[in-house]
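**Student:** Note that this note's numbering has the sequence shown beginning at 8, numbered continuously upward.
Please note that the accuracy of each hint is not assured.
What the hints assert, rightly or not - Under the rule of at most 27 Å between Cα atoms (straight-line distance), these lysine-lysine pairs were calculated in the BS3-like manner:
1) Lys11 - Lys68
2) Lys30 - Lys11
3) Lys46 - Lys11
4) Lys56 - Lys30
5) Lys56 - Lys13
Stated by the list, open to error - Computed beta-carbon distance windows for the label pairs:
6) Lys68 - Ile9: 44 to 54 Å
7) His12 - Lys68: 34 to 44 Å
8) Ile9 - Leu65: 33 to 43 Å
9) Ser51 - Thr15: 10 to 20 Å
10) Glu29 - Thr57: 14 to 24 Å
11) Ile9 - Asp69: 21 to 31 Å
12) Lys11 - Pro71: 34 to 44 Å
13) Glu36 - Ile63: 16 to 26 Å
14) Ala47 - Asp24: 27 to 37 Å
15) Trp53 - Lys11: 15 to 25 Å
16) Thr15 - Leu65: 14 to 24 Å
17) Gln58 - Ile27: 41 to 51 Å
Hints listed in this document are in silico derivations from the structure and should not be mistaken for laboratory results.
Model, not experiment: these values are computed from the prediction.
We put the beta carbon where it would ideally sit given N, CA and C, even for glycine.
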Amino acid sequence: MIGKHKSTISLTVELDDNRIPEKLNWTAEDGGIENEEAKAMMLSVWDSKTQETLRIDLWTKDMP
Numbered sequence: 008m009i010g011k012h013k014s015t016i017s018l019t020v021e022l023d024d025n026r027i028p029e030k031l032n033w034t035a036e037d038g039g040i041e042n043e044e045a046k047a048m049m050l051s052v053w054d055s056k057t058q059e060t061l062r063i064d065l066w067t068k069d070m071p
C-alpha cells in the first residue's frame, strides 16, 4: 500500500499594536515557495458540517 502524500501551506501574519496586519508571508514547500511576502491574502474553506464557506481576507496597511 502506498502512503498518502501530505503537503503544508503555512501563513504568517505580523500585527501592529492595534492588531492590524503589517506583514504577510506564506510558505508552500512542495511549490518551492519559502517565506514569500504578500500584500493581501484571501482564504476560503468549505465547512461540510454547516454547509457554508468560511472566509478571511487580510491585507497590509501599505497595500498599493
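**Student:** What hints, given by number in increasing order, does this structure fail?
**Tutor:** Checked against the structure, the hints that fail are numbers 1, 2, 3, 4, 10, 11, 14 and 17, while the rest are satisfied.
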